[in-house]
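Read top to bottom, the protein sequences are chains A and B. Residues in the first sequence are numbered from 1 upward in steps of one, following the working numbering. Residues in the second sequence are numbered from 290 upward in steps of one, following the working numbering.
Watch out, some of these pointers could steer you wrong.
Unchecked claim - Derived coverage of chain A by chain B (criterion: at least 3 residues anywhere in the stretch with Cβ under 8 Å from a Cβ of chain B; other residues may be distant):
1) 32 to 44
2) 89 to 100
3) 160 to 167
4) 222 to 236
5) 277 to 284
What the hints assert, rightly or not - From the structure, some residues in chain B lie toward chain A, with a derived Cβ separation under 10 Å:
6) G389
7) Q438
8) D481
9) L500
Worth flagging that the hints you see were computed from the coordinates, not collected in a lab. Everything numeric in this text was worked out from a predicted model, so none of it was measured. No residue lacks a Cβ here, since even glycine has one placed at the ideal position from N, Cα and C.
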Amino acid sequence: MREILIISGKGGTGKTSLTAAFAHLADNKIICDLDVDTPDLHLLLQPRHERVMEFHAGNEAQIEQDGCTGCGTCEEMCRFNAISQRDGVYSVDTLRCEGCKVCVAFCPEQTILFPEKYCGTWYRSSTRFGTMVHAQLFPGEENSGRLVTLLRQEARKIALENNIDLILSDGAPGVGCPVISSLSGAHCAVLVTEPTPSGRHDLERVATLCDHFRIRAGVIINKADINPDEARIIEQYCREKDYPLLAQLPHDPVITEAMVKARAVTELGETEIGKSIRQAWKKIEQFAG
Amino acid sequence: MIISVASGKGGTGKTTVTASLSAVWDAPLLAVDLDVEEPNLHLFLHPEPAPPIKAWMEVPELNADKCTLCRDCVELCQFKALSIMISSLTLYPDMCHGCGGCIAICEQHALRPGKRELGVMYQSRAGKINFLMGTLRVGEAMSPPFIEQVKKRALKTIRETKQDVIVDAPPGVSCPAIASVIDSDVIVLVTDATPFGLYDFKLAWKSFSPLGKPMGAVINRAGLGTRHIYDFCREKNIPLLAEIPFDRSIAEAYSQGRIITDVSGELKAIFSSLREKIRALGSTTPPKEVDHA
Numbered sequence: 001m002r003e004i005l006i007i008s009g010k011g012g013t014g015k016t017s018l019t020a021a022f023a024h025l026a027d028n029k030i031i032c033d034l035d036v037d038t039p040d041l042h043l044l045l046q047p048r049h050e051r052v053m054e055f056h057a058g059n060e061a062q063i064e065q066d067g068c069t070g071c072g073t074c075e076e077m078c079r080f081n082a083i084s085q086r087d088g089v090y091s092v093d094t095l096r097c098e099g100c101k102v103c104v105a106f107c108p109e110q111t112i113l114f115p116e117k118y119c120g121t122w123y124r125s126s127t128r129f130g131t132m133v134h135a136q137l138f139p140g141e142e143n144s145g146r147l148v149t150l151l152r153q154e155a156r157k158i159a160l161e162n163n164i165d166l167i168l169s170d171g172a173p174g175v176g177c178p179v180i181s182s183l184s185g186a187h188c189a190v191l192v193t194e195p196t197p198s199g200r201h202d203l204e205r206v207a208t209l210c211d212h213f214r215i216r217a218g219v220i221i222n223k224a225d226i227n228p229d230e231a232r233i234i235e236q237y238c239r240e241k242d243y244p245l246l247a248q249l250p251h252d253p254v255i256t257e258a259m260v261k262a263r264a265v266t267e268l269g270e271t272e273i274g275k276s277i278r279q280a281w282k283k284i285e286q287f288a289g
Numbered sequence: 290m291i292i293s294v295a296s297g298k299g300g301t302g303k304t305t306v307t308a309s310l311s312a313v314w315d316a317p318l319l320a321v322d323l324d325v326e327e328p329n330l331h332l333f334l335h336p337e338p339a340p341p342i343k344a345w346m347e348v349p350e351l352n353a354d355k356c357t358l359c360r361d362c363v364e365l366c367q368f369k370a371l372s373i374m375i376s377s378l379t380l381y382p383d384m385c386h387g388c389g390g391c392i393a394i395c396e397q398h399a400l401r402p403g404k405r406e407l408g409v410m411y412q413s414r415a416g417k418i419n420f421l422m423g424t425l426r427v428g429e430a431m432s433p434p435f436i437e438q439v440k441k442r443a444l445k446t447i448r449e450t451k452q453d454v455i456v457d458a459p460p461g462v463s464c465p466a467i468a469s470v471i472d473s474d475v476i477v478l479v480t481d482a483t484p485f486g487l488y489d490f491k492l493a494w495k496s497f498s499p500l501g502k503p504m505g506a507v508i509n510r511a512g513l514g515t516r517h518i519y520d521f522c523r524e525k526n527i528p529l530l531a532e533i534p535f536d537r538s539i540a541e542a543y544s545q546g547r548i549i550t551d552v553s554g555e556l557k558a559i560f561s562s563l564r565e566k567i568r569a570l571g572s573t574t575p576p577k578e579v580d581h582a
């Protein structure tokens, strides 16, 4: 089974618009939105939810006031400044609580509860391009890495049951927890960048991350005509580092038009960028092997 | 005053706004890049070179001779950072969240504080501006503890020098974004008017509202997308602080690492006006309404 992950380091380079187009072009696949924090792929694919599941992960401390003697041990032990005292009453700031259980374990009165957290919702859906798994972490929640892992497991399960050999995933920006959870064990990564100092800087970091996990990476330079000199520097970088350059795409307002119409850009009839994206997808399929 | 420039969606122009606002700020300023996964502010402010300051997190180290395999640490750890394999305790420092619980609970003192590198900080000057950034070590999963350390350094700096702070926050609305904006006085949400921008803007507004801070919107690439973002801001009483027009010359200037206030007098005026509106917003009381929908 091949798992192709579209990531970028920098946000806003066009990951999701391109993933939607590839989802349109690819045969027999499961589509996966691994940006569980600010997912956007569903805005283009308009999924119909077939299964809606609660995502529970981790726990959070809750002080039962009846038993609390105000000794302050919990506040002292907490490394995350999540416990504070006001007028002798101790309480937990849930936004800062890491769920480490230290306060629970060291409370001499054993008066701190540790309920499981309900952190988000995940979905198995059908779209015009096939089955999609996606999620929405509740705003401000933690555990995005675990939710990413869960979605990937679910995608693999559905793929196996239905004899599907491709999982196409849209990833999160950055190089942190959710991206690491998306990458480990993926078949290959497509890195979408743009010819700007930020685009290049962030590409180098996310490419290094791929090397770190020994994931093969290819590169797409999006909006390449915004700064051709910078695009050439990125091209050179890819050659030196042996990352195949899969496509150079122009800056085209039709991408926004497709977004407003809730369509993949390749669905909007014959456009120049649509043609380039079709070629790019062929190259990605060869690259993925 | 501490101002956080945040957004749900990435690539909406946080760094452009932070850099431009810093350039027109007319009081002593510390500009801080808390987008530690992909810091970019330095590419526009061009700070002077500075020696790296390494940031560490406490993780346990094992003295196996003292370990009696009692399992207390394994049972306490919520992050699977320790396990007993065959007949020895194995540590997975990459999984550790640094809570210190295992070290505190071990009666045999078989665990002692060690450390893991989170990333590197740089502090220097960019012209008149004081500059501070954090760069997360590639391969490190946990940005929030590192963000806390960069923030701590920033707060220490302003205690000594009494300057304003502008923070370039990471994208998203989960723990790294919350950790970045939680100590600020004003949150500036940068978005574009595309459907993705709107959806993520709503998420950001929902996430940050419970913090009870004054919030305002900057609409970037105005003219591109739809009018829904304006309706949403009106409906929720989110003040529109600035609109940056959609203009290819701005995208080109950005792609050359230029601060866009240099592109035209009009843009400079937009950011000077933004500065004054942020100041006014910072002296208001935050809205009490919180959407629980």
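*Per the coverage rule (Cβ-Cβ under 8 Å, at least three residues), is the stretch 277 to 284 of chain A covered by chain B?*
violated (count 0)
**Asked** Can the stretch 89 to 100 of chain A be counted as covered by chain B under the rule of three residues or more with Cβ-Cβ separation shorter than 8 Å?
**Response** holds (count 5)
Q: For the hint on G389 of chain B, just tell me whether its beta-carbon gets within less than 10 Å of chain A.
A: OK, holds: G389 of chain B within 10 Å of chain A, min 6 Å.
Restraint satisfaction for Q438 of chain B [CB to CB of chain A, less than 10 Å]: Constraint on Q438 of chain B not satisfied, violated at 12 Å.
| request: Go check the stretch 222 to 236 of chain A versus chain B for me, would you? Three or more residues, Cβ under 8 Å, otherwise it fails. | output: Held - the stretch 222 to 236 of chain A has 4 residues with a Cβ nearer than 8 Å to chain B, which meets the minimum of three.
Q.
Can you tell me if the stretch 160 to 167 of chain A counts as covered by chain B, using C-beta to C-beta distances under 8 Å and a minimum of three residues?
A. violated (count 0)
* Interface hint outcome for D481 of chain B [beta carbon to chain A under 10 Å] -> holds (8 Å)
Exercise. Would you settle whether the hint for L500 of chain B is holds or violated, based on the nearest Cβ-Cβ distance to chain A being less than 10 Å?
Key: Status holds, d = 8 Å.
* Quick check: the stretch 32 to 44 of chain A, covered by chain B? Criterion 3+ residues, Cβ under 8 Å. -> Since 4 is at least three, the answer is holds.
Hint violations for this structure: numbers 3, 5 and 7, all remaining hints satisfied.
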